[in-house]
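Keeping their order, the protein sequence lines are chains A and B. Here this note's numbering is used: the first sequence runs in plain steps of one and ends on residue 501. Here this note's numbering is used: the second sequence runs in plain steps of one and ends on residue 148.
Any given hint might turn out to be false.
To be verified - Dumping the calculated DSS-like pairs for lysine-lysine here, alpha-carbon to alpha-carbon at most 30 Å: (1) K113/B / K65/B; (2) K126/B / K487/A; (3) K61/B / K41/B; (4) K61/B / K497/A; (5) K386/A / K487/A; (6) K459/A / K405/A; (7) K487/A / K61/B; (8) K405/A / K61/B; (9) K459/A / K134/B; (10) K497/A / K113/B; (11) K41/B / K487/A; (12) K497/A / K126/B; (13) K68/B / K497/A; (14) K386/A / K41/B; (15) K465/A / K68/B; (16) K487/A / K132/B; (17) K487/A / K139/B; (18) K459/A / K132/B; (19) K459/A / K41/B.
Hints listed in this document are in silico derivations from the structure and should not be mistaken for laboratory results.
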Amino acid sequence: MTKVFIYPTNSLILSDLIERFGHTPLAVMGEIHDKITTIGIDSPPLNITPEDPKHGLKYAAVEVPAGVRGRMSLIGPLIDEAEAAIIVDDAAISFGCMGCARTNELTKFLTRDKGIPVLELVYPYSDAEGKEFVYKISEFLDSLPKEDRS
Amino acid sequence: MGAHEDGTLTKLVVISSDSVLPIDAALEIYESETNITIKETCFGTMVTGPEDVVNRVVKEVVKLDKNHIFVKERGFPPGDDRRCRAGRGGGPRPGFHFLRNEIGMLPIIGKALDDYDNNVPLEKVVRPEKLKVSHLKDIIESEITR
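Can you build the whole structure from these sequences, using the hints too?
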């Protein structure tokens, strides 16, 4: 199974399709789960702590806003771990809970820069587009190695 | 998704099916295991418990209508004080807008998965072209001179 990073990082559709076609999705939900269940100074543990912008320094410079660095402390390790990626652009939901255009830009840049296989798509809004979306994802995932590397 | 240190897992089961209702999925889960917590929601169910049990139960639920039931992991367990609306004075929980947006696309994805299973060939998709600047200028000028 290949570890496939997804963007938007908490997408239901991408996460489901990757598992359905036999690979492992790298989504931010897993990172959040680990953070909020690990006992630390905060009680209950928080999903973002004042320490996180410091961890984010690995991915963004010190003059970059703390919000970007804090988010990158969650997303960055996923990109490091990724063996392939699917990026879906043009999502109306890129703001809202994901919240930060600069983080989104940096995430996409780091993914493309890593040199792993990347599939770039846009969200479907009609049946024909939906079919193309699913077929392209399945074709891309079929081209990735399925045996367990660990 | 990799195994978590605490051994628990929360999964969101989103139902976009004409034949399966969230209550059907919940009943399927109740019948199969007692060691997990389930919360029924408007879009499906949330299942939380030991990782292997949750994975097994969710697989059973997806079998009810495999191309129209979608699953993703959730970071927070259901009813968690940090996310639950009951303790935050109402309003949608963080992340719901995104989920709702994607739920709107699930019928399209479900139909595409049906076609994929039936080996329906892919047709060329024609997307509307972007408006040319010259054409936009013509429209503006025609409006001004009217």
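Which hints, by number, does the structure contradict?
-> Hints 5, 8, 11, 15, 17, 19 contradicted; others consistent.
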